[in-house]
Amino acid sequence: MTEVCWVDPSAPDPGLLQEAADCLLRGGLVAFPTESFYGLGANAMDPGAVTRVFEAKGRPASSPLLVLVDSVTMAESLVVEMSEAARELMARYWPGPLTLVFRALPDLPKELTAGTGTIGVRIPGHRVALELVRTARVPVTAPSANPSGGEPPTTAQAVLEKLDGVIDLIIDSGPTSGGLPSTLLDVTTTPPRLIRQGKVTLS
Amino acid sequence: MNVTGVVQAGGKATRMGGDPKGLIELGGKKVIERILDALAPALSDLLIVTNTPELYGFLGLPMVPDVFPDHGSLGGIYSGLKTVKGDAAFTVACDMPFLHPEVVRLVLAHAGEADVVIPKVGEQLETMHALYSKACLPHMEAVLSAKRFKIVGFFDKVRVRIISEDDVARFRSPDTCFMNVNTPEELSRAREILARLEHDQL
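Chains V and X, in that order, give the protein sequences. Quick note on numbering: our numbering labels position 81 of the first sequence as 81, and the sequence is numbered without any gaps. To convert, take the position in the second sequence, counting from 1, and add 1000; that gives our numbering.
Just so you know, not all the hints are guaranteed correct.
EDC-like cross-link-like pairs, simulated, lysine to aspartate or glutamate; straight-line CA separation at most 16 Å [said to hold, decoys possible]: (1) V/199 - X/1167; (2) X/1120 - X/1167; (3) V/199 - X/1166.
Label-pair restraints from in silico Cβ distances [said to hold, decoys possible]: (4) V/1 - X/1085: 56 to 62 Å; (5) X/1147 - V/177: 52 to 58 Å; (6) X/1113 - V/27: 53 to 59 Å; (7) X/1134 - V/201: 33 to 39 Å.
Chain V side only, calculated, beta carbon under 8 Å to chain X, not exhaustive [what the hints assert, rightly or not]: (8) 34; (9) 36; (10) 37; (11) 39; (12) 65; (13) 66; (14) 116; (15) 120; (16) 143; (17) 181; (18) 182; (19) 195; (20) 197.
I should point out that these hints are in silico values taken from the structure, not numbers from a laboratory. Ideal Cβ positions, reconstructed from N, Cα and C, are used throughout, including at glycine.
Construct the entire structure; sequences and hints are all you get.
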């Protein structure tokens, strides 16, 4: 049974966020709003929870998951190195829909990196998403909260229709804007390389 | 405007040894199958240009030979365009794994406005992701018979409509969309891009 709780995006209730964070820390799956669609969150440091993300989506665990962090410090805890160029990009675009792909520390769950040796990281621009990560104090996965191959959801109702009984909790903060997901930029190379054009257009 | 999608699977050996480029497996699918997946939503009529039909018969699509082998890509484009029953051919190479249906549609949307509809990225005209109308045929012939093989060699004789890279970028990074897989390095980069593209990460 999937629980749905309303969290006001303009004034997120800390108690409700704590419940959602506790759910994540117990290995649960929590759908939550991002700048584009509803995402499917799991504690990125918990291999079992990450595996559940793939199962919920019905997708083979052959491709990596990006993670949301609450700070540059949390991002640093995941990656081998951060170039000056990457730091400038973070300063300019974070929080926001620019995901930077770094070399991953080798001890991250292999389910997360899917053997690529890299990890995509960003601080989300949606207040509820950011407060959730901040409350949980762990990096949180963010694939779209829908079965693989389907339409990504912009409402809690759309998440519930597809994933009821499969995930633990949906944070309903009203409709998200949809459109493009985050821009993906590989900063393991010099100069950085655009992998996917998304919401942020780099100048 | 009646347009046929034409995949150029002519070409010779690859720089990767073994399989022709279109038959390389990428994420559980052959590159040419990925190309057809991208074309099919936008084009109901498809054609393969190849001099090795035994390799591509499994696709179940009509095939014609490249009547100008050893004349570079222009020979293949000409062969396909000459064959199509409609008004124009939308031509792609067989080694472009990241074509996007919406970018294909973007080019097709301007069919009828010019004889060539073609994206331009930087200074590069994407000649292997372009629409050529039948009006191009005599000019292609002239260039081919003069033994000049540059595809753009006849562009000054026809009307050319450019699609800007910004328009392409609305759907996919042009570098990715028009990427060729020619070398082992490019193949490994393609695998990495695929991993990132295929997961629906927000």
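Tested hints:
Taking the CA atoms of residue 199 of chain V and residue 1167 of chain X, the gap is near 15 Å; set against the 16 Å cutoff, the hint holds. The hinted pair formed by residue 1120 of chain X and residue 1167 of chain X meets the criterion: a straight-line CA distance of about 10 Å does not exceed 16 Å. About 14 Å separates the Cα atoms of residue 199 of chain V and residue 1166 of chain X, which keeps this hinted pair within 16 Å; it holds. Restraint check, residue 1 of chain V to residue 1085 of chain X: a C-beta distance of roughly 58 Å satisfies the suggested window 56 to 62 Å.
Distance hint for residue 1147 of chain X and residue 177 of chain V: a CB-CB separation of about 56 Å, consistent with the stated range 52 to 58 Å. Evaluation of the 53 to 59 Å hint for residue 1113 of chain X and residue 27 of chain V yields a pass: the beta carbon distance comes to about 57 Å. Separated by about 38 Å at the C-beta atoms, residue 1134 of chain X and residue 201 of chain V satisfy the suggested range of 33 to 39 Å. A distance limit of 8 Å between C-beta atoms decides the matter here; for residue 34 of chain V the minimum to chain X is near 5 Å, and the interface restraint holds.
Look at residue 36 of chain V: its Cβ gets to within about 5 Å of chain X, closer than 8 Å, so that hint holds up. Hint on residue 37 of chain V holds. Least Cβ distance to chain X is approximately 6 Å, under the 8 Å limit. With 8 Å as the threshold, the beta carbon of residue 39 of chain V comes within range of chain X, its nearest partner Cβ sitting at about 5 Å, so the hint holds. Below 8 Å, beta-carbon pairs count as interface contacts, and residue 65 of chain V has one with chain X at about 7 Å; its hint therefore holds.
Interface hint status for residue 66 of chain V: upheld, as the beta-carbon distance to the closest one in chain X is roughly 4 Å, under 8 Å. For residue 116 of chain V, the suggested interface contact is upheld, since its CB lies about 6 Å from the closest CB of chain X, less than 8 Å. Given hint, residue 120 of chain V at the interface with chain X, holds; its Cβ is 7 Å from that chain's nearest Cβ, closer than 8 Å. The interface hint given for residue 143 of chain V is met, as the beta carbon of that residue sits about 5 Å from the closest beta carbon of chain X, less than 8 Å.
The closest approach between the C-beta of residue 181 of chain V and any C-beta of chain X is roughly 5 Å, which is under the 8 Å cut-off, so the hint is satisfied. Hint status for residue 182 of chain V: holds, given a least beta-carbon distance of 6 Å to chain X, under 8 Å. Evaluation of the residue 195 of chain V hint against chain X yields a held restraint, the C-beta minimum of about 5 Å falling below 8 Å. For the restraint placing residue 197 of chain V at the interface with chain X, the shortest Cβ-Cβ distance is roughly 5 Å, inside the 8 Å limit, so the hint holds.
The structure agrees with every numbered hint stated previously.
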